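Chemist: The primary structure of each chain is shown beneath.
There are 2 protein chains.
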Amino acid sequence: MTFNSFTPPKRTLLGPGPSDISPNVLSALSRPTIGHLDPLFIGMMDEVKTMLQKAFLTSNEMTLAVSAPGSAGMETCFVNLLEPGDKVIVCRNGVFGGRMLENVERCGATAVVVDAPWGRAVSIDKVEEALKANPDVKFVAAVHAETSTGACSDIKSLCSLAKQYGCLTIVDAVTSLGGIELRVDDWGIDAIYSGSQKCLSCVPGLSPVSFSPAAVEVIKQRKTKVQSWFLDQSLVMDYWAGEGKRSYHHTAPVNGLYALHESLCQLLNEGLEQSWHRHLLMHNLLKQGLTDLGIEFIVPEDERLPQLNAVYIPSTASDAEIRTALLNDYNIEIGAGLGELAGKAWRIGLMGYGARRENITLLLGALRALL
Amino acid sequence: MTFNSFTPPKRTLLGPGPSDISPNVLSALSRPTIGHLDPLFIGMMDEVKTMLQKAFLTSNEMTLAVSAPGSAGMETCFVNLLEPGDKVIVCRNGVFGGRMLENVERCGATAVVVDAPWGRAVSIDKVEEALKANPDVKFVAAVHAETSTGACSDIKSLCSLAKQYGCLTIVDAVTSLGGIELRVDDWGIDAIYSGSQKCLSCVPGLSPVSFSPAAVEVIKQRKTKVQSWFLDQSLVMDYWAGEGKRSYHHTAPVNGLYALHESLCQLLNEGLEQSWHRHLLMHNLLKQGLTDLGIEFIVPEDERLPQLNAVYIPSTASDAEIRTALLNDYNIEIGAGLGELAGKAWRIGLMGYGARRENITLLLGALRALL
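For the record, the sequence lines run as chains H and W. Residues in the first sequence are numbered consecutively from 15, following the working numbering. Residues in the second sequence are numbered consecutively from 15, following the working numbering.
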C-alpha cells in the first residue's frame with residue numbers, strides 16, 4: 015500500500031477564515047526549520063512580539079502569540095484571569111460570545127450573560143444595567159468582530175464603561191485585528207486575543223494575545239494555579255523572554271511563527287490605518303455589487319464589519335448548491351451561516367490579503383452567473 | 015520604519031527536536047491554504063487519521079492530531095480522563111514525568127509519584143509496590159522515551175501490570191513514535207500522545223493522540239465537564255468526523271496538517287519497522303564514533319534510546335563553547351542538558367529524517383575538530 019501526497023487546489027478564500035494568504039507568507043512558512051532555542055529564532059520571536067505590540071497599538075509587555083488557534087487564545091485569557099467564584103459579564107451576540115460563556119463556566123466562575131440579537135452589536139446600555147445589578151462583577155467580556163454574524167461592537171465605549179465600574183475587560187479580536195480600528199492601550203483593553211488566519215492573512219494555528227499591566231497584576235495575585243499548564247502565561251512569558259533569560263516551556267511552532275512574522279511585516283509595511291482603510295474600500299465595492307444583485311445585508315450599516323459580510327441567501331437560491339458551485343466551478347470559498355443563521359446566511363470575508371479588488375470582481379461575476 | 019523578512023540559515027538539527035525536516039515536508043507545508051471545512055480538506059484529515067492509526071498500530075477510533083504542540087497533547091490526555099479526586103500513579107524519571115505531575119495536580123487529582131533516577135528506566139517493581147499500596151489508583155502514567163535523559167522505559171510490561179490492577183494507562187510517546195517499537199493495541203495503551211517534530215520529522219506544532227475504547231468510555235462517563243474547552247475530545251472528535259457529520263469546533267492548522275500528512279506518508283512508505291531499524295543502525299554508527307572520541311553515554315545500554323543520545327560532556331570541553339561553535343561554524347544544533355543534567359550532558363538527536371549517515375559523519379567530524 016502506497017500513501018500519496020496531498021495536493022490541494024488553489025482556492026480564493028472569501029469565507030470567515032482562513033483568508034487568502036500572500037505567496038510571501040507561504041514562502042516564509044517553508045523556510046528551513048531551525049531550533050526553537052536557536053539564538054536566531056529567539057531574535058525572531060522578539061521581533062514578532064514588537065510587531066504584535068504595534069499591530070495591537072499597545073506597549074503591554076505581556077504580548078505574544080499563543081502556539082495554538084484562536085480558540086486557545088480565548089481560553090488563555092479566561093483561564094489566566096479567572097478564578098473559581100469570580101463573576102464575569104459575558105456579552106453574547108453570536109457564536110463566539112456563547113463560547114466565552116463555556117470558558118467562564120469551565121473556570122468555575124459565574125457568568126452574567128447580556129444578550130443582544132444575532133446580527134446586532136452588544137448593547138452598552140444593557141451592559142451598564144448588568145453592571146449596576148451586579149456590583150461584584152470583576153470582568154466584562156465581549157467580541158469586537160462577531161465572525162458568526164458580521165456585527166461590530168463598540169469596544170471603546172464598553173471598556174470605558176467597564177472601567178467606571180472597576181472591571182477589567184476581555185476582548186475577542188480574532189476577526190478584527192488588522193481589519194478595523196482597534197487600539198488596545200487607548201481603549202483600555204485588559205486582555206485581548208486574536209487569530210492568525212483572519213485579517214493578518216497568515217496560516218491558521220496561532221493566536222496573538224496581549225495583557226495589560228492590570229491584567230498581569232491579577233495573574234500575579236492568583237490564589238490558585240492556572241488550570242491549564244500549557245496556557246499558563248506566567249510560564250509562557252519566561253519562554254518568550256529574550257536571549258539569556260529564556261526558559262524552556264514547550265516547542266514553539268517554528269515555521270508557523272516564520273509565517274506570522276512575515277504577515278506582520280506585510281501589515282506594518284502597508285501601515286495599520288492604511289490596512290483598515292483598504293478593508294473599508296473593498297467592503298464598499300462588494301456592497302455595491304451585492305446590492306446590484308439584490309442581496310441584502312443582515313447587520314445594519316452602522317454596526318457592520320467591512321471584513322465579514324453576512325448576507326441573506328436570496329430566496330430563489332439553494333444555499334448548498336450555490337456554495338458547492340462556487341467551490342467546484344470557480345474555486346471560490348464563501349462561508350455558510352453558523353448557529354442561528356445556518357441555512358439563512360452567507361458569510362463573505364474580505365480579510366487581509368483577501369481584501370483585493372480582483373477577488374470581489376471574481377466573486378460578483380460568479381454569483382451573477384449562478385443566481 | 016521598514017520591517018524585514020526573517021531568513022533563517024539551513025541548520026542540521028541533531029538536538030532533542032525539532033528534528034531535521036525533509037524538503038518534501040517543507041514543500042507540502044507551503045501548498046495553497048484551503049478552507050478547513052473544504053470537502054477536500056476533510057478528506058485529507060481522514061487520511062491523516064488513518065495514517066496515525068497505522069503509525070500508532072491501533073484501531074482506536076479516537077485517533078487524531080491535536081492542533082497544538084506535544085505539551086498540549088499531554089494536557090489533552092490528562093484533562094479528558096481525570097476528574098477531581100482521581101488518584102494517578104506518575105512515573106517520573108526526567109523532566110516530562112515531572113510535567114505529568116503538574117498536569118495531574120491542575121486537574122484536581124492526586125498523584126502517587128514513583129521516582130527513578132535520571133537516566134534510568136521506570137522501575138516496574140516500584141510501580142507494582144505503589145499499585146499494591148494504593149488500591150484506589152485509576153491511572154498509571156509514564157513516559158516511553160524520556161527526551162530529557164535518553165532513557166527508554168518498558169511500556170509493554172508497565173501496561174500489562176497496570177491492567178492486572180484494573181488501571182488505565184497514559185503514555186508519553188512524544189519522542190518514541192516512529193523511532194522505536196511502539197504498539198498501542200498490542201501493549202494495551204489507553205491514552206497516548208506524541209509530537210510532530212521528533213521522529214515524524216514534521217514541523218513543530220501538532221500532537222498526535224489516541225484513546226482506547228476503555229478510555230473513551232471513561233470520557234463518556236465523566237461527571238464533570240473537561241476543564242479545557244479547546245482540548246475537550248468529545249467536541250474535537252465531532253470536528254474530526256468525516257464529511258457530512260463534521261461540526262465546527264476550532265480552525266484546524268491547515269498547512270501544518272499538510273506537513274503532517276506528508277511526513278506520515280514518508281514514514282509509512284518507508285515502513286514502520288524499517289524506520290525503527292534505521293534509527294537503531296544510525297544510533298550504532300553514532301555510538302561507535304562517540305566512543306572513539308572518548309565520549310560516554312549516560313543511560314545504560316539496555317535502557318538507551320537510539321534516537322536521543324544523552325552523553326556526558328567531556329571534562330576537557332566547555333559546554334557552551336562547543337555548542338556555540340557547532341552552531342556558528344558548522345550549522346549543527348545539538349541539545350544542552352535539561353533539569354538535573356543541565357551543564358553536564360549533551361543530547362544528540364537522530365530522529366526521523368535526521369537519522370541519516372551523512373549527519374553522523376558531519377557531527378563526528380565537527381566534534382573531532384573542536385574537542
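It is worth saying that the hints were derived from the structure and are not from the lab. Quantities reported herein were computed from a predicted structural model and do not represent experimental measurements. One or more of the hints may lead you astray.
When chains are identical, the list treats them as one kind, so a pair holds in a single copy or across two.
[Unchecked claim] As a list, the in silico BS3-like pairs of lysine-lysine whose alpha-carbon atoms are at most 27 Å apart:
no., residue 1, residue 2
1, Lys177, Lys24
2, Lys239, Lys101
3, Lys358, Lys259
4, Lys24, Lys63
5, Lys237, Lys101
6, Lys24, Lys259
7, Lys239, Lys152
8, Lys239, Lys170
Chemist: If a hint holds in the structure, say so; if it doesn't, say that too.
Modeler: The hints, checked one at a time:
no.: 1; hint: Lys177 with Lys24; result: neither (47 Å within a copy, 50 Å between copies)
no.: 2; hint: Lys239 with Lys101; result: both (18 Å within a copy, 19 Å between copies)
no.: 3; hint: Lys358 with Lys259; result: between (53 Å within a copy, 20 Å between copies)
no.: 4; hint: Lys24 with Lys63; result: between (31 Å within a copy, 24 Å between copies)
no.: 5; hint: Lys237 with Lys101; result: both (16 Å within a copy, 23 Å between copies)
no.: 6; hint: Lys24 with Lys259; result: between (43 Å within a copy, 25 Å between copies)
no.: 7; hint: Lys239 with Lys152; result: both (18 Å within a copy, 24 Å between copies)
no.: 8; hint: Lys239 with Lys170; result: neither (31 Å within a copy, 34 Å between copies)
Of the numbered hints stated above, those contradicted by the structure are hints 1 and 8, listed in ascending order.
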